[in-house]
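If you read the sequences in order, they're chains A and B. 134 is the number that UniProt numbering gives the last residue of the first sequence; the numbers go up by one with no jumps. 134 is the number that UniProt numbering gives the last residue of the second sequence; the numbers go up by one with no jumps.
Errors might be hidden in some of the hints.
Label pairs and their calculated CB-CB ranges [to be verified]: (1) A/102 with B/1: 22 to 28 Å; (2) B/122 with A/92: 38 to 44 Å; (3) B/112 with A/105: 37 to 43 Å.
Mimicking EDC-like on lysine to aspartate or glutamate, the simulated pairs with C-alpha atoms at most 20 Å apart in a straight line are [what the hints assert, rightly or not]: (4) A/71 with B/123; (5) A/4 with B/24; (6) B/52 with A/113; (7) B/95 with B/123; (8) A/52 with A/24; (9) A/95 with A/113; (10) A/52 with B/14; (11) A/122 with B/130; (12) B/122 with A/123; (13) B/4 with A/14; (14) A/52 with A/123.
Quick caveat, the hints were computed from the structure, so don't treat them as lab data. Remember, it's a predicted structure, so these values are computed and weren't measured experimentally. Quick reminder that beta carbons are idealized off the backbone N, C-alpha and C, glycines included.
This is what each chain is made of:
Number of protein chains: 2
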Amino acid sequence: MIGKLNHVAIAVPDLAAATALYRDTLGAVVSEPVPQPAHGVVVVFVTLPNTKIELVHPLGEASPIAGFLAKNPNGGIHHICYEVADILAARDQLKATGARVLGDGEPKIGAHDKPVLFLHPKDFCGTLVELEQA
Amino acid sequence: MIGKLNHVAIAVPDLAAATALYRDTLGAVVSEPVPQPAHGVVVVFVTLPNTKIELVHPLGEASPIAGFLAKNPNGGIHHICYEVADILAARDQLKATGARVLGDGEPKIGAHDKPVLFLHPKDFCGTLVELEQA
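Produce the entire structure from the sequences given, and follow the hints as far as they go.
Shown next, in the form of structure tokens:
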């Protein structure tokens with residue numbers, strides 16, 4: 001079912017510092033910050049030859065990553081995103097095994113303008129998993 | 001400096017259950033368990049089209065991931081591994097910026113029989129980063 005690893009999302013307390021770290025210290029190609037008000041985050045995309053790292057920082061009130069950063073003040077890996085060919089088929093197949101889909105279970109339009117869902121970390125080795133329709 | 005994302009390592013409390021989850025529920029290609037006594041872990045490799053997930057479970061006394069699993073009983077993402085062309089050049093360049101290399105700073109032979117180093121999470125957005133010579 002799962003295809004490519006689309007990205008690894010790292011929540012960061014200081015987006016400018018994290019961007020400089022990946023650009024200058026680690027020598028990677030980084031984007032400008034991309035505000036995503038609908039998701040409550042600002043994202044810098046780090047392009048690697050085979051996948052992406054997303055540096056994610058809270059935007060606005062009640063950002064979905066504010067709690068994570070409160071618990072992890074240095075930042076940390078927030079989630080990983082796998083691509084699937086058909087997100088509704090994937091969801092139904094996963095739910096049939098008892099896996100929990102977060103929220104109301106309906107795909108939302110994610111950061112790449114494609115339908116996404118999040119799966120419960122307790123059902124996936126303590127890892128928050130995003131599925132994105134490829 | 002950094003090239004491909006070589007793998008994401010997920011520490012798991014139950015290797016058989018995690019393997020079944022990735023193979024049967026998520027439909028990915030998984031390896032047999034590979035004991036790595038020199039590293040104190042048993043690893044199942046999950047092959048994705050563009051990178052790997054490594055499901056890592058403690059092996060023997062004083063496994064380097066025992067403490068992580070004690071703090072994260074459901075498991076969780078333990079580290080990410082970036083490839084570099086020249087690990088000694090990468091190390092020296094990173095150290096010159098003040099970044100901390102774990103251990104004695106000398107590359108060890110890692111799980112793929114290639115030289116690896118680990119970088120201090122506090123210097124890399126709260127993320128344990130492994131560098132592997134490609």
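Hint by hint, here is what the structure shows:
1. Distance hint check: the CB atoms of residue 102 of chain A and residue 1 of chain B are about 36 Å apart, inconsistent with the given range 22 to 28 Å.
2. Residue 122 of chain B and residue 92 of chain A have their C-beta atoms about 42 Å apart, which keeps the hinted 38 to 44 Å range intact.
3. Between residue 112 of chain B and residue 105 of chain A the beta carbons are some 39 Å apart, a value that agrees with the proposed interval 37 to 43 Å.
4. Pair hint residue 71 of chain A plus residue 123 of chain B holds up; C-alpha atoms about 17 Å apart against a cutoff of 20 Å.
5. Note on residue 4 of chain A and residue 24 of chain B: the hinted pairing holds, with a Cα-Cα distance of about 17 Å set against a maximum of 20 Å.
6. Between the alpha carbons of residue 52 of chain B and residue 113 of chain A the distance comes to roughly 25 Å, so the proposed pair goes past 20 Å and is violated.
7. About 11 Å separates the Cα atoms of residue 95 of chain B and residue 123 of chain B, which keeps this hinted pair within 20 Å; it holds.
8. Taking the CA atoms of residue 52 of chain A and residue 24 of chain A, the gap is near 17 Å; set against the 20 Å cutoff, the hint holds.
9. Distance restraint check for residue 95 of chain A and residue 113 of chain A: the Cα-Cα separation of roughly 24 Å exceeds the 20 Å cut-off, and the hinted pair is therefore not satisfied.
10. Annotation: proposed proximity of residue 52 of chain A to residue 14 of chain B is violated, straight-line Cα distance about 29 Å (limit 20 Å).
11. About 25 Å separates the Cα atoms of residue 122 of chain A and residue 130 of chain B, which puts this hinted pair outside 20 Å; it is violated.
12. Between the alpha carbons of residue 122 of chain B and residue 123 of chain A the distance comes to roughly 28 Å, so the proposed pair goes past 20 Å and is violated.
13. Between residue 4 of chain B and residue 14 of chain A, the direct Cα distance comes to roughly 24 Å. Violation of the 20 Å bound is thereby established for this hinted pair.
14. Distance restraint check for residue 52 of chain A and residue 123 of chain A: the Cα-Cα separation of roughly 24 Å exceeds the 20 Å cut-off, and the hinted pair is therefore not satisfied.
When held up to the earlier numbered hints, the structure conflicts with 1, 6, 9, 10, 11, 12, 13, 14 and fits the remainder.
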